[in-house]
Amino acid sequence: MQLSTPHLLGIRDLQPGDIQLILDTATQFKEVLQRPIKKVPTLRDVTIVNLFYENSTRTRISFELAEKRLSADIINFTASGSSAAKGETLLDTVNNILSMKVDMVVMRHSASGAPHFLARHIPAAIVNAGDGINEHPTQALLDAFSIREKLGSLAGRKVAIIGDIMHSRVALSNIYLLKKMGAEVTVAGPPTLIPVHIREAFDVRVEYNLRKALEWCDVANVLRIQLERQNQPLFSSLREYSLAYGVNKRLLDSLSKEIVIMHPGPINRGVELDSDVADSKQSLILHQVENGVAVRMAVLYLLAGGQSSN
Amino acid sequence: MNEQQLDLTIQRLTHQLLENHLDLENTVLIGIQPRGVFFSNRVVALLKTQVDPAHIRYGKLDITFYRDDVRRGLHELNQTEIPFSIEGRNVVLIDDVLWTGRTIRAALDALLDFGRPAKVELCVLIDRRFTRQLPIQADYIGKPIDSMFTQKVKVYWKEKDGKDEVALL
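Here the protein sequences line up with chains A and B, keeping their order. Under the numbering used here, think of the first position of the first sequence as 14, with each following residue one higher. Under the numbering used here, think of the first position of the second sequence as 12, with each following residue one higher.
Honestly, the hints are just simulated from the structure, not real lab data. Each residue gets a CB set at the ideal place from its N, CA and C atoms; glycine is no exception. Take the hints with a grain of salt, since some may be wrong.
Calculated Cβ distances over 10 Å to all of chain A for the following chain B residues [claimed, not checked]:
hint, residue
1, R82
2, N89
3, D124
4, R143
5, T161
Just so you have them, the derived chain B footprint on chain A, three or more residues with Cβ under 8 Å [claimed, not checked]:
hint, segment
6, 36-43
7, 46-54
8, 310-318
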């Protein structure tokens with residue numbers, strides 16, 4: 014019982030068996046989180062550093078909570094207020110931290126490939142908590158866990174990923190994962206936000222019409238419009254985006270079936286998702302956040318286990 | 012130990028449990044995953060024929076997250092299911108083989124995270140007396156076996172292995 018990789022850099026490197034193992038392990042951790050004492054001593058001899066070079070609320074809190082629930086010792090590092098601001102390189106920073114005997118690194122960085130670079134140069138296990146526009150593997154895992162919990166399985170399910178596919182690491186990780194687990198994927202959004210060769214590269218459907226995408230799917234994973242990653246305007250205004258691609262109650266009610274709505278957060282309410290949808294019974298958004306802790310516990314447990322402490 | 016002996020032993024243990032716990036009103040039974048549960052299932056099935064089944068609180072405990080050897084390798088996870096409070100109750104832990112005592116140590120730690128029991132007892136089918144690594148003793152013992160540390164005791168169950176048997180390998 015072991016993952017085929019010593020790090021979690023991306024879903025791309027995982028085997029379907031790895032994904033299955035992580036999701037099954039997360040089910041057991043979810044039970045732990047329902048107990049009177051929501052904490053187990055499993056990783057009490059493991060030290061983890063959370064290295065966040067980019068802003069984050071959910072992911073950082075979720076990782077921190079997962080680490081604490083596993084009794085690991087943790088160090089939090091955020092780029093602002095550290096020596097990174099004085100010009101220290103990433104590798105120097107991490108090597109300095111590791112010389113204080115740290116076993117695992119959870120990292121988020123705005124440069125794609127930053128965790129892969131670290132994995133080649135340092136001896137600790139690395140968990141990617143989001144790197145640039147590349148991958149956000151734990152988000153895809155918790156999305157998959159939430160779908161599996163709600164619908165029973167992933168194989169054969171139809172998932173529409175809607176919005177800014179171009180700049181979204183959540184979209185990429187989700188596509189890798191869903192395809193590996195036998196689900197069908199459609200990406201939907203304005204042509205300017207969908208990479209040109211995505212259909213051939215990933216064997217996904219492409220849909221520019223929101224209603225058609227929603228009519229097709231069982232699950233709609235609505236992505237955030239990432240204003241901070243857009244150097245040039247790829248649509249004319251937020252209001253126009255919202256009119257063409259915003260998911261609202263009226264649209265969902267007019268569909269022939271009830272679909273499940275997910276969103277990785279943070280929501281731009283009224284842009285990609287309306288409040289009455291985000292807070293409705295169809296929405297899994299808060300379940301996703303809850304499941305995130307269990308899924309991250311599973312990832313940390315599976316990566317830490319089996320490593321001899323010397 | 013063959014099927015008939017095994018059956019008689021389980022019957023005796025069940026009676027001993029009843030002797031000390033009467034109608035089981037303030038008692039909970041917890042089988043330890045994975046293989047202790049085959050044994051505890053048998054015990055509980057027998058108890059149900061003796062006392063009001065409504066009094067029987069029966070749970071299953073997986074101790075994997077409480078093991079002391081996580082860094083040496085991972086073990087298969089199993090379900091934990093304790094759908095009642097153990098606060099102030101008499102808990103009987105049930106496992107198939109008591110060997111080093113490390114599993115029971117982990118089980119005690121795990122159990123205390125579910126509340127504060129009034130009393131904890133241990134019921135095992137096989138007690139390997141001379142191989143303990145921790146100071147842990149069972150209260151109900153099916154059969155003590157004197158064996159070397161390097162030997163292996165295997166309990167086979169019909170549900171899983173197709174036969175009821177205890178073997179010293």
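Here is what the structure says about each hint:
no., hint, in the structure
1, R82, "5 Å, violated"
2, N89, "8 Å, violated"
3, D124, "4 Å, violated"
4, R143, "22 Å, holds"
5, T161, "23 Å, holds"
6, 36-43, "holds (count 3)"
7, 46-54, "holds (count 6)"
8, 310-318, "holds (count 4)"
Of the numbered hints given earlier, the model fails hints 1, 2, 3; all others are met.
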